[in-house]
Amino acid sequence: MHSMGELDRLLGRLIKEPGNARLFYQAGLMLCEANDEENAELYLRRAHELDPADKKILFNCACLLYFHAKWRECLPLFREFLKQEPQNRDALEKIRDSLYQLGEYDAAEKYAALVNQTREAAPQNER
Amino acid sequence: MNDKKALSVCITASGSPEALLQCVKDCRKFADEILIAGTVDSEETQKEAQRLGAVFLPYQWEGSYSKIRNQFMESAVGRWILFLNSEETLPSPFPVRELLENPNAEAYLVGTDFENFPTAAPVQSLRLLRNREEYRFENRSFERIPDEKICGILDSHLRTFRKNSPTLLAERERRSLLLQEDLKDLPQDSFLQYMEGLKLLNQEHFEESVVYLRKAVSRLNLEALYAPHLYQCLARSFLRLGRLEDARIVLDEGMDNFPWYTDLPALRAKLFRKLGQYDEALQDLNDSLKMAGNPQIAVPEPETKVPELLKALAELYEQTYNYKSALAYWRRFLQACPEQRAEAMDRFCGLAVKTSSVKELKALLKTALKKKDAACMTRLAEALFKHRQYALLLANEAALAPVLELPGSEATGIFTACRILQGAEPETGDINRKDDRILIAVVKSCWFCEKWQEALHAIEEMRSSPGCRLTAGIFLRLHGLLTGEALWNDTDLSEEESEIIKELHDDFLWKGQKAKAEILLLLLLKNRPADFFADLAHQWAADLPVLQRILQSLTDAGEKETLKCAAAWRLIHEGRNKIAHQVLLLGNSQPTQELERILWARHFMKELREWVRKSDGFYPAAHLESENLQKAGCSLLGFYRSLLFPTGSRVQTITRANRKSASQIHREIGEFYEKNNQPGEAICAYLKSLQWEPKNSRSLAAALRLLEKKPGLLTRYADAEWFPEGHWFFRREDFFRFIRGMAHLQNLEYAEACDCFCDEDENAPCHEIFLACKTGILWMEGKGGGIHLERKCFTRPFSEFLIFLCGLYAAHCLKECSHTILFQELTEREIKRITNSVKFAAE
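Going down the list, the protein sequences come from chains A and B.
Letter by letter, the first sequence follows residues 2 to 128 in my numbering.
Letter by letter, the second sequence follows residues -9 to 833 in my numbering.
No lab work stands behind these hints: they were computed from the structure.
C-beta atoms are modelled at their ideal positions from N, C-alpha and C, and glycine is treated no differently.
Check the hints yourself; a few may be wrong.
From the structure, some residues in chain A lie toward chain B, with a derived Cβ separation under 10 angstroms [stated by the list, open to error]:
{"id": "1", "residue": "84"}
{"id": "2", "residue": "87"}
{"id": "3", "residue": "101"}
{"id": "4", "residue": "112"}
Generate the whole structure from the sequences, applying the supplied hints.
In structure tokens:
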């Protein structure tokens, strides 16, 4: 658990380095831990804007949007992430569940089938 | 010391020479050395014992039992010593030698079961121990090695048996006198106080025993071997004195100190039952059962064993009118304790007959037949005969007849008696008139048919049978009473008379001959029918004047309450609500809350349905059938199959899924997510299910349950991007008002719920549901009768939803009662009944 002092220090560094995606990312995670999910989302989105290729930032940003029930918005991020890790079951499941919740059952079914395929391919990773 | 000798058995000789020789013979099987001290009258016996290898020690009674033991210890050469009395009977085998191999054991308890003697102190069982110089016994009377001098005591789980004999009585007398002397020397000694208290408890001098046991507790060393037993004894004395609060305090303290000692919670359960605190009793019995079921390493081992606990649980469930559970526990008791099967089978059969559970009887009979256990089948046949299961017995005559072991009668007699009691004409040829059972059956069957003269002849015949003479005398007097030729003037019935009259009374009721049964009932009521008034109440439940007469014959308020409960249970069970209500109002006491609630729930639902019907509205059947159950679309079905059946689904599953409604499919998806620990997704799925079918009670319950745990999720979901499915809710806000309203209703927050159901768009389909909700709330508030709605309001969705909602409410109110064990089965059955009746058919 990070202290508020740490967060303050990090925000201080951000003023000096406004283009540092990792700093925004770390601040986002800290805010998440502090249950300030709204601001966490802002920081993670900014981190993603600054470094759209960073897998970790991409995935965490997508997850946060998903947990905020922003299913439509999280979808492109997860899809982007899948380009880098096409077999990532977490991402596939999140897309499947987002589509189900949006009521897009045809598309959800396709992703459910993909999840099943990855499960068959790597059953040892069964949760 | 000679290392070759492992075990010396030291026998105190008393009683008969035969017993001594038998004891020596038994001990030869496991002892390396047998020493005898005590009085042996015959020289011949002494010689014979010596021939068997026993050695006699010089013996002179010096006024102390400890001295004898210590003298034995001085002489014995075995590494271990076992003390026995010559009158003890040892079980065969007596595997004592294997105990000696345990390097961690210093001593073992070897218990004795005394004939007709309630309780022996565990300290007296310390009689298998290592032969060490430092172990010497103290006290004149009850020999004991002080606890601080010996540790590593284990329970051998071996027990001997000692019959009552003049020698034993003399020994007890002597020990009692010596104890007084010990107490004079050491008046503050906790152990001696305990032994004196225990002696008085066994003599049923409870007041006096409490004085000693209390003193013993006040000076108790909690490490002492007798400590947990002392608490048990003191609590028992208090219980017998009716000092329940004192008993409670002692048991609480004892359980704090010795949580592993099963006897204490088992005893506290008895106390709770007396206090009517049945839930607490159940908790204690279950705790005891758990402990007793595990291998006991506790020393001393508690006296309460699994069978006793099973019996106590069966009785508790019976007392609280949970007959199914009681039957289950009697069944377990039967398996665990075959020695007491006669009583258990009688209770089991009685209960099964009372609850019309013939299936249970058939199952029991099937098991007995399968096991081919003659004793078991005999007991069962007797129990079935006693409880008038003649048809069942006759149906199994071929299998039973060859194996029954009925004393004093032929096996076929019981079947002949069955036939006669069922109405068959007794044939002279096939009746063995010496069989008492048949003779009694003949008299009864004559009384059933009012063949008075024949009955009289049969009674005369009974008088010539030695086994029936007493019964014949009573029958003769009853004959006079039944024919109106004589009166029964005695007020007090003997136990035997009571039993016979009750049995005959039950026979007449079984035959449907109430008038004759009532004559006998009056006789029974002249005595205080304490033993069977609950039974009488059950039998006469529907006859209010008779019930009132039984009630008046009782003086104790608790008994009156039990009588009302027994009668009301039967009536409610049989759905006779009106008379059940009248029964509950009999006497001055407050009606039992649980039963009253069941009757209220029935009345509430009935009134509601009547109101709907009278308003010319759609009148839903017992199972609601919704016309709006929409089948799931192909896309949803495809997703459902991929999600729930990842490895592919069989044709059957596909066909079944195709028949499911969209609401069901979403519910199952919700259950999948919940199992997968994804509560957010689960809530979403349950809500989708409710959008399709707002009456899906399982989805509603699951959604409200999850939302209660994670209330923030509803707001998050409300703000999310989604479109309502189904045709009930066109606007998202309507749906969320519906959900919030239902959540308020669940917490019985009527005003808040009503607010949620207002301001809806009158043209929206959900208007009917909202109107039903508002109407339902008025019903819940008791204002149902005064509502006037236009006829056009009574649409099918309105009526269905109203009844659904009020059914949930009634079930909810009943659930509030079902946390207590009293009438739990009846309450749960009612909840199930109501819930089923308001479910829609496809759910």
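Going through the hints against the structure:
Evaluation of the residue 84 of chain A hint against chain B yields a violated restraint, the C-beta minimum of about 23 angstroms exceeding 10 angstroms. Nearest Cβ of chain B to the Cβ of residue 87 of chain A: about 18 angstroms, over the 10 angstroms cut. The hint is violated. At its closest, the beta carbon of residue 101 of chain A sits 6 angstroms from a beta carbon of chain B; the interface hint therefore holds under the 10 angstroms criterion. A cut of 10 angstroms between beta carbons decides the hint on residue 112 of chain A: the least distance to chain B is about 9 angstroms, and the hint holds.
Violated hints, listed in ascending order, are 1 and 2; each of the other numbered hints is respected by the structure.
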